[in-house]
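Student: Residues per chain, in single letters:
2 protein chains.
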Amino acid sequence: MNFPSKLIENAVEELAKLPGVGRKTALRLALHLLKEETEETFSLAEALVKMRTDVKHCKTCHNISDTEICDICSNPLRDKSVLCVVSDIRDVIAIENTSQYKGLYHVLGGVISPIEGIGPSDLHIDSLLERLPASEVREILLAISPTMEGDTTGFYLTRKLRDFDLRITTIARGVPVGGELEYTDEITLGRSIVERTAYGKV
Amino acid sequence: MNFPSKLIENAVEELAKLPGVGRKTALRLALHLLKEETEETFSLAEALVKMRTDVKHCKTCHNISDTEICDICSNPLRDKSVLCVVSDIRDVIAIENTSQYKGLYHVLGGVISPIEGIGPSDLHIDSLLERLPASEVREILLAISPTMEGDTTGFYLTRKLRDFDLRITTIARGVPVGGELEYTDEITLGRSIVERTAYGKV
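Note that the protein sequences, when read in sequence, are chains E and P.
Take 1 as the starting number for the first sequence in the working numbering and just add one per residue.
Take 1 as the starting number for the second sequence in the working numbering and just add one per residue.
Hints are computed from structural coordinates only; laboratory data are not their basis.
One thing to keep in mind: the hints can contain errors.
It does not matter which identical chain is used: a pair holds within one copy or between any two.
Said to hold, decoys possible - No farther apart than 27 Å at their CA atoms in a straight line, the calculated lysine-lysine pairs in the DSSO-like style are these:
no.: 1; residue 1: K59; residue 2: K6
no.: 2; residue 1: K17; residue 2: K50
no.: 3; residue 1: K6; residue 2: K56
no.: 4; residue 1: K17; residue 2: K35
no.: 5; residue 1: K50; residue 2: K35
no.: 6; residue 1: K56; residue 2: K17
no.: 7; residue 1: K50; residue 2: K160
no.: 8; residue 1: K59; residue 2: K24
no.: 9; residue 1: K35; residue 2: K56
no.: 10; residue 1: K59; residue 2: K35
Based on the sequences and whatever the hints tell you, model everything.
Tutor: Have a look at this one:
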């Protein structure tokens, strides 16, 4: 692509490094910023730099936070007997948005994936095992995506957690709310029958 | 959406102002930047700010440029007898990428659109009429998208250009290269027959 300006070319190249942004989209974003007030670009750039420089990771659960210990870990109203283990920060946000969970979290920072060269030592598993003895945790809720890598990680964790006196649970598999039986895959539909619950329970 | 950090929330809100970027995409971009080196975010922010502050518009053709007069207008090798009128800077980039056009440009900065409140005075039409008398231009090539607004703009321009001794042309309408006759709409296919050219001409 030929650009009429080196400055635009630089901006497009930087934007195109973002995931899911190709050069055409990057050009559209750059031209949009050129049309808007200068102030818009300044506040975008400032917000990104400020975030990258100042965001911390919670020392206890590895969630992102503005403070050393995150708002969830330091909240006295949270149920300290349940600990939800997730792979990513986005999972914490997704679960928090349901308003159905009041316990604590532990963010692994990924899943075990031999293909990508990610082993247990690359994840925050040691710090999970370290925080358990001094904690009030009685239940570990594994909320890891049901993929090959996710299931491997779950299996590894249950073995590591065997020595602790804990109830280990996982999120229910079943037909999504609003989903059609007809279009649900066999494994999911099968599990939704095996793990059937009393009608009208929720 | 609940965010675990005010800094991330700010960054997401700023990113979500970009066209085609929703809050979920914005969060994905923000978390991507958090995973990458700090340097990445810095160079993105710097490129955007530098572009927004320093990019100029060519005084002659209104194309974006790093200088007062753009590289195309100041290039002695360009054919100064043809002037291509386009609505947007992106059209200049698209035409330049074909390597089939060696003339000059004039960027209108939009098309006439009564619904969006854009009239002829909001476009760079006056400056087009002003640059013509002192120029060597013999042909005006209208390369405006064949929409309702584009055709209105073309019609308006041809009336304004009547008093000049100019050949007025427009880009050919026809079946796209690689396109299937069967799936081409009737108007396009009809025009491709009316405006048929000698076989093997290009």
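Student: Now, for every hint given, state plainly whether the structure supports it.
Tutor: Evaluation of the provided hints:
1. Proximity of K59 to K6 under the C-alpha cut-off of 27 Å is restricted to the inter-copy arrangement: shortest distance 18 Å between copies versus 43 Å within a copy.
2. For the homomeric pair K17 and K50, the shortest alpha-carbon distances inside one copy (19 Å) and between copies (17 Å) are both at most 27 Å.
3. For the identical chains of this complex, K6 and K56 are inter-copy neighbours only, at 11 Å across copies versus 35 Å inside a copy, given an alpha-carbon limit of 27 Å.
4. In the homo-oligomer, the alpha carbons of K17 and K35 lie at most 27 Å apart both inside one protomer (22 Å) and across protomers (13 Å), since each shortest distance falls under that limit.
5. For the homomeric pair K50 and K35, the shortest alpha-carbon distances inside one copy (24 Å) and between copies (15 Å) are both at most 27 Å.
6. Taking the closest pair of Cα atoms, K56 and K17 come within 27 Å of each other both inside a single copy (23 Å) and across two copies (25 Å).
7. Neither within a single protomer nor between protomers do K50 and K160 lie at most 27 Å apart by alpha-carbon distance, with minima of 38 Å and 51 Å respectively.
8. Only between protomers do K59 and K24 lie at most 27 Å apart by alpha-carbon distance; the minimum there is 26 Å, versus 40 Å within a single protomer.
9. Only between protomers do K35 and K56 lie at most 27 Å apart by alpha-carbon distance; the minimum there is 12 Å, versus 34 Å within a single protomer.
10. For a Cα distance limit of 27 Å, the shortest separation of K59 from K35 across copies, 17 Å, qualifies, whereas the shortest one inside one copy, 42 Å, does not.
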